[in-house]
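J.: With the sequences and hints as input, model every part of the structure.
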Amino acid sequence: MKEIRYIWAINEAIKEEMQRDENVVLIGEDVGTPGGSFGASRGLYDLFGPERVFDTPISEAAITGLAAGAAACGLRPIVEIMFMDFMTICMDGIVNQIAKMRYMFGSQYKVPIVIRTPSGAGLNAGPQHSQSLEAWFAHVPGLKVVMPGTPHDVKGLLKSAVRDDNPVVVVEHKALHALKGSIPEEEYLVPIGKAAVKKEGTDVTVVATSKMVHESLKASEALNQEGINIEVIDLLTISPWDKETIFSSVGKTHRLVIAHEAVKSFGVGAEISAAVSEEILDELDAPIMRVGAPFVPIPFSLEKAYLPNADHVIAAVKKTMERTF
Amino acid sequence: MKEIRYIWAINEAIKEEMQRDENVVLIGEDVGTPGGSFGASRGLYDLFGPERVFDTPISEAAITGLAAGAAACGLRPIVEIMFMDFMTICMDGIVNQIAKMRYMFGSQYKVPIVIRTPSGAGLNAGPQHSQSLEAWFAHVPGLKVVMPGTPHDVKGLLKSAVRDDNPVVVVEHKALHALKGSIPEEEYLVPIGKAAVKKEGTDVTVVATSKMVHESLKASEALNQEGINIEVIDLLTISPWDKETIFSSVGKTHRLVIAHEAVKSFGVGAEISAAVSEEILDELDAPIMRVGAPFVPIPFSLEKAYLPNADHVIAAVKKTMERTF
Amino acid sequence: MRKPGKKKLIQLYERMVTIRRVEEKLMEVFSAGEIPGFIHVCIGQEATPVAVCSWLKDSDYMSTTHRGHGHALAKGIDLKRFMAELFGKREGFCRGRSGSMHIADPKMGILGANGIVGGGIPIATGAAFAARYKKTGQVTVCFFGEGATNEGTFHESLNIASIRKLPIVYVCENNGWAEFTPQETHMPTKNVADRAKAYDLPGVIVSNDVLKIHEKAGEAVERARKGKGPTLLEVKSSRWHGHFVGDAQKYRLEKEVNGAKAMDCIANFQKRLVRDKMLGKRGIQKVADNVYQRIEEAVNFARESQFPDESELMDDLYV
Amino acid sequence: MRKPGKKKLIQLYERMVTIRRVEEKLMEVFSAGEIPGFIHVCIGQEATPVAVCSWLKDSDYMSTTHRGHGHALAKGIDLKRFMAELFGKREGFCRGRSGSMHIADPKMGILGANGIVGGGIPIATGAAFAARYKKTGQVTVCFFGEGATNEGTFHESLNIASIRKLPIVYVCENNGWAEFTPQETHMPTKNVADRAKAYDLPGVIVSNDVLKIHEKAGEAVERARKGKGPTLLEVKSSRWHGHFVGDAQKYRLEKEVNGAKAMDCIANFQKRLVRDKMLGKRGIQKVADNVYQRIEEAVNFARESQFPDESELMDDLYV
Ligand SMILES: Cc1ncc(C[n+]2csc(CCOP(=O)(O)OP(=O)(O)O)c2C)c(N)n1
Ligand SMILES: Cc1ncc(C[n+]2csc(CCOP(=O)(O)OP(=O)(O)O)c2C)c(N)n1
Ligand SMILES: [Mg+2]
Ligand SMILES: [Mg+2]
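Residue numbers (my numbering), protein chains in the order written: chain B, 5 to 329; chain C, 5 to 329; chain L, 4 to 322; chain G, 4 to 322.
Just so you know, the hints here were simulated from the structure itself, not pulled from any lab data. Some clues are possibly wrong.
Partner residues aside, some chain L positions facing chain G, computed with beta carbon under 8 angstroms [stated by the list, open to error]:
id	residue
1	153
2	154
3	155
4	162
Everything numeric in this text was worked out from a predicted model, so none of it was measured. Virtual Cβ for every residue (Gly too), placed ideally from N, Cα, C.
T.: Structure (structure tokens):
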């Protein structure tokens, strides 16, 4: 095992996959000699040169479409969209083209594309540089969406994404880029489609994503003091999500809290909640509580008040403990 | 009362609002002399001229941004995006600019913009001309989203949208454009934020949107034969949605089905289901069932097999009648 | 560029006739309700696809638009399976999932028609990127209309292709109309080719004459093949019929439509072939019979094919 | 265009000095941790905002970018409330919700900075549309960098503005860098102004000299004001510091940075004013003192202002 920062885990994943398969190319703004806006591609230009590390103009729509064409013709592009907020500019490429190419063309094409993008708030980057928009992509058939929250998971999931023959949106969290964690020295993968129980527990199932997994683990410690033992599950893949793991945990705890940083309304938590009420409602002993951001843009200055955190998880967990049917 | 088609109800709404307020302008592709791709602006160019009926190049991103600037400077633009699928091209304008301008600029600006767009399948228009993407917009603070399904509602809601000082996305259904219905001769409005009980019932609450309201009413008739009396609620406004009406119906029937044409996963139904399980779970006597499209792009040829319809509503309703806690 | 010989000339002619007759047939069967959805025909514009694609190998790439039948046929798509796709049948290239507006055939390098105006331009650019990356020598041709040049993707893609000197030819068929709106309403410049300068590209203008297009396309394809970078080729083309089949184009003056029809790229070419004694009455008839035969077969094939089964709906979303 | 007289010249000078000193102060307080988020300063580029905005009335519109302090100040934003916004305080123009990257002031026609590269271009175009629609005679100025001209919105907006002859001036400050990447990597053409031809617009190039910019901007603003349509004005500007404060710009050669700094629009202008006896040592000192004073007051104002209260978080999402 070794200690590594989240951003370097990304860098290692890209490097290893580019070394393994010469069809893997990196496409994005400032990804060349500068090594990327957040440093994810540092050193890669020197290793792989300007054809494989394609530093593009500020043209998100074109580079996403370009990746679609390149993938249809045998390459395996990794596209960096510098901030998830800029995905708004390339939704046609991602949604109308990339996501649909395989199915709509009658399975004639494979579209192995990874779109990496840092989401999330916490750096006071304001309303246009802090959003978490994963729910949009999960609503689009043809895409897979993963959301790793640790160096271990981001490296393993990014590598799996590169090897996947389908388009995968990898949603990073920019406030986790500096986070350190340990990963194996040797190569490993984290499978797409599997959630991970990050802490076992008996009283309440807390399904969390990305940075909210860390907040939930914090909440877990505080709740322990009060004798409440929660199970923390890191969803990891948003689409297709791991029903089995979540349902079996709910079958054990009979209480569910879902926590994400995105706006709560119409967020990922809604789908998980709805699936539970549709398929295993009678397992529930309490209302399903959701933790998510309030329904306003992310303010520059009140960011801390805006962001969901461990306290919100604690409050939600307690709410589910209040009542029993 | 008079009979009118859905598309003409739209036309009347735009015309009346343009007559009422000279700051209202219409912006879109082919909206000029041709009267719009679906005919919504027929005759308006002749009435109001080329400045007020602005026939634009095929430049969705620019026209949405242009509407933002025009609204900030005192106009009240109605933008037509010809197919909802093309909203993918102007998500930055809608999400990063229009939706955030008021809040992010500290309430200094009003952004009275209407974005009208025909959604939905049923014309065999294929995967890039048939999507229902309302869930995306409902997830964005700052936007309002309405989804009228009848001539009456589209006219009344569109007029309300034009008068609203906030941005409103008006999601039409292109397969309803030819639908006839009766509307008052005199001027009327349908309020944003209110759902409508389209058929009262006692056994199951069916919350539906747009074309699925009609399918649910069909289902209601069939179910009547079997002695099942459903309440059909037309959600009408997706965001902010009318919790009160839905919750009070669920409080009466204790059973809930939600039906929309969009892909079921991560769709609007998930939010309604989640809100119910969060706030009034103990009102439920049965699982919450959702009806929505399957998780694939909309195929050209198998469209009928793809589309959710009355039979799916019937099956879902029956499922909620099967079990009781 | 080498001037085409007799065999080549007849081939060009036959292909143009094929496209026209296919489109006419499609108008007929569409109007009879045999084809669902909506279709856009390219009657009047046959010279461009045929002339341009005559320079391409099967392995070269091509992307097209909603008005893409001619391009697909010129690139060599199998007529039967093409027709089956438009009919929504399982034997179509895309299992009936795409119809006219998204038809694709990887084996012939056809990256797909596209329902999004401007949507195919970056995709084609990506194919050119892949070909260059893999040093395969493949060239990509990207077709679109003048209306599409107002989309941001046009601008961004040409910029990228130029910096990277990608092996691609951008072909704009300027038929003067985007749906129901004439070019003047949407563009301050008369020539799309004038936009090439913004990307330091050659911008070439040519009339709707198959031999002239053939010559200029040959130069552009050669330029791409030799690694010298992209070209923007504008053909002053003409659309005879409505935007889609069923559009009575009431928004056009009769005079203007007649003007478009007068610019008949097939009739002009045929006259010239006859004048140059490359083609006689019998030759013309032979082509006509041959084309008729193939189209009848294709339509029958499409009619007899099965619709996909409901059980196929959820197939193969992912690999 | 009328040549500026002494009073005007001193005013231009003082405004340029104000911007530079504000940016320097911001670098200082940002580095000390007093400002959250990230900020982009425009040191080296002060001539453009000042020269261009000197032609504008308070009621004229202006849109800017992430690198927008100079533009906002030149357009006349109140320095105290500007500073308070950057500090995230309630008395800031946007209640502390926007910070540097989204600051706006409707009363001075400031439509907002923008965190999206290219995001402000259509918005400015819309303001021009509204002004023309309402026949107010207002002109809009739209600032952006050369990197932004690779976004589709640039292309689409200029096309629209040109067809409609909107009263707008597009001002590209070409500082040669987009974040950490030089222009050559992203653009096949050397001059952004060359792109104007694609829209049948005048494309004007001017060096980083306040008087030259003043002259050309005057012509462009007049053209817009008279209803003759838009202009694309490119200033060959220079960025001295990193993309954002804290960026050590290791990716630039020392020589190149020194070259940029040598093109000092303020020092050059000052030299000239001194040479022409418009300004002496005392005048320079007076300006410096005055500017210093105002900045100190603004920073103190910002420091003493309150942060917004948590209770304000949900305020005013809708009207
Ligand atoms: C993004 C997008 N906007 C609008 C449309 C609707 N639309 C389909 S074809 C067309 C006109 C295209 O004109 P042009 O590019 O000149 O092609 P032509 O039809 O003349 O071949 C429009 C506006 C679309 N399909 N996609
Ligand atoms: C749509 C979008 N893509 C990328 C970015 C990240 N970004 C911020 S500034 C910048 C460079 C802009 O360069 P230029 O337009 O030349 O302006 P300058 O910074 O030189 O003033 C980039 C790529 C962004 N903010 N928005
Ligand atoms: Mg055209
Ligand atoms: Mg720059």
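J.: Look at each hint and say if it fits the structure.
T.: Tested hints:
no. : hint : verdict
1   : 153  : 6 angstroms, holds
2   : 154  : 7 angstroms, holds
3   : 155  : 1 angstroms, holds
4   : 162  : 6 angstroms, holds
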